[in-house]
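Modelling step: build the complete structure from the supplied sequences, incorporating the hints.
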Amino acid sequence: MAEGLLALLVLLTLAGIAIFMIRGLVRLVLVLVGLGLMALGLYACAVGFTPQDKGPKPKLNAAARATDRGWEVTVKGNAQPPYRILLDGQEVGRLAGPGTTVVGEYPLDHKEYRPGPVRTIKVVSRKDDVADSVEICAPVVILAARGTNENGKKIQFGHGVGSRAWRTWEYVQTDLGLPKAQDDVVVSAHPVEYPAEAIGASGLYPDSRNIGKRELAGMWFLADRKCPDSQIVMVGYSQGADVVASVWQTGRGPALPKNPEGKVMDRRPVKSVVLYADPRFNRDWVTQGVARPSGTQFAKNGVFGARRQFTGDETAPVQAWCLTTDPICQKDRLTKPWHGDAYNCYEEWAAAQIARDVAPALRDQGYEVTDAADPTCPVGLGGSGW
408 MAEGLLALLV LLTLAGIAIF MIRGLVRLVL VLVGLGLMAL GLYACAVGFT PQDKGPKPKL
468 NAAARATDRG WEVTVKGNAQ PPYRILLDGQ EVGRLAGPGT TVVGEYPLDH KEYRPGPVRT
528 IKVVSRKDDV ADSVEICAPV VILAARGTNE NGKKIQFGHG VGSRAWRTWE YVQTDLGLPK
588 AQDDVVVSAH PVEYPAEAIG ASGLYPDSRN IGKRELAGMW FLADRKCPDS QIVMVGYSQG
648 ADVVASVWQT GRGPALPKNP EGKVMDRRPV KSVVLYADPR FNRDWVTQGV ARPSGTQFAK
708 NGVFGARRQF TGDETAPVQA WCLTTDPICQ KDRLTKPWHG DAYNCYEEWA AAQIARDVAP
768 ALRDQGYEVT DAADPTCPVG LGGSGW
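Note that the numbering used here has the sequence shown beginning at 408, numbered continuously upward.
Honestly, I wouldn't trust all of these hints.
[Stated by the list, open to error] With a cut-off of at most 30 Å between alpha-carbon atoms, the simulated DSSO-like pairs for lysine-lysine come out as follows: (1) Lys707 x Lys738; (2) Lys483 x Lys633; (3) Lys464 x Lys529; (4) Lys738 x Lys466; (5) Lys483 x Lys464; (6) Lys464 x Lys534; (7) Lys466 x Lys633; (8) Lys534 x Lys466; (9) Lys466 x Lys529; (10) Lys633 x Lys529; (11) Lys466 x Lys483; (12) Lys529 x Lys518; (13) Lys518 x Lys633; (14) Lys483 x Lys529; (15) Lys534 x Lys483.
Since the hints were derived computationally from the structure, they do not count as laboratory data.
Right under this line is the structure:
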């Protein structure tokens, strides 16, 4: 009996030891499995979820400058070629890879619109969808305000520089020995966006003129800030001359949002101010030497009366062109046709003076320009018609 109880105790003891060992083994296995999973997780974090080095991020860097051959564009970077070159959103060239190329202007005529005075060149990598932009200005910037309905019945708001300023622009380039207007970037012309409403019972002219003043002053302010090396020329015909002369004399436009401090513009970069048929022509400008043709005696003021005399640094750059029989700048309504093509010859003379005004600084900047000769067309009554 005693031996049986002893054997039973031994068996129970051995069973307990076995159970304890098995539970410990299970714990050990669980611990080892946990450690293994932890190690696997750490490895996954270190290797599986860490971004792998795929090389440098694609990028582009664009630079541009005006030359007498066109816009010289230099592209650096590692983005995949080819690269598209856009000027104000219009494609003007391509590059097969990093390097330098020269691009010209995109085509337009005097009825079309070219923004300004600040231009934007953008280089785009087609494969990597990477781009870079650079702002540029021409060495000579013409800000042009067209006359009332100057471009015909299809004219739209802010549309074109007008045929008068367009031809002046072309003559300036010819006088400087530069390429034709389509390719030249040394002298650029940009329109003042305004309605150019006609004089009449509608009463829209004052509002139209004020819009033009604000826009021209804004363009001048922008050029003053972003085009420090550019020379500025202002050209206005008829209502456009009213806009240009008003802004030039005040140095600012009414309620100019782009110039909240009311800053008066720096007149030094403005080399020429050309007024064709200003409706506020002052016959006494003859004594100041700004009335053109020089030596002409004008009997009347403009249809809106006389603008004040120019003073101080306002005077030197001004050319105020008027025909003695013009209905707008001489208040002569019997000879209305002379407000048109008769100014064609005057454009040549005005352009020659502009070329003389801007040539010295262009030479200092390294451009090869020629000396402007006097035009061969006679100063006087030119053609006729509108």
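Can you name, in rising order, the numbers of the hints this structure does not satisfy?
-> 4
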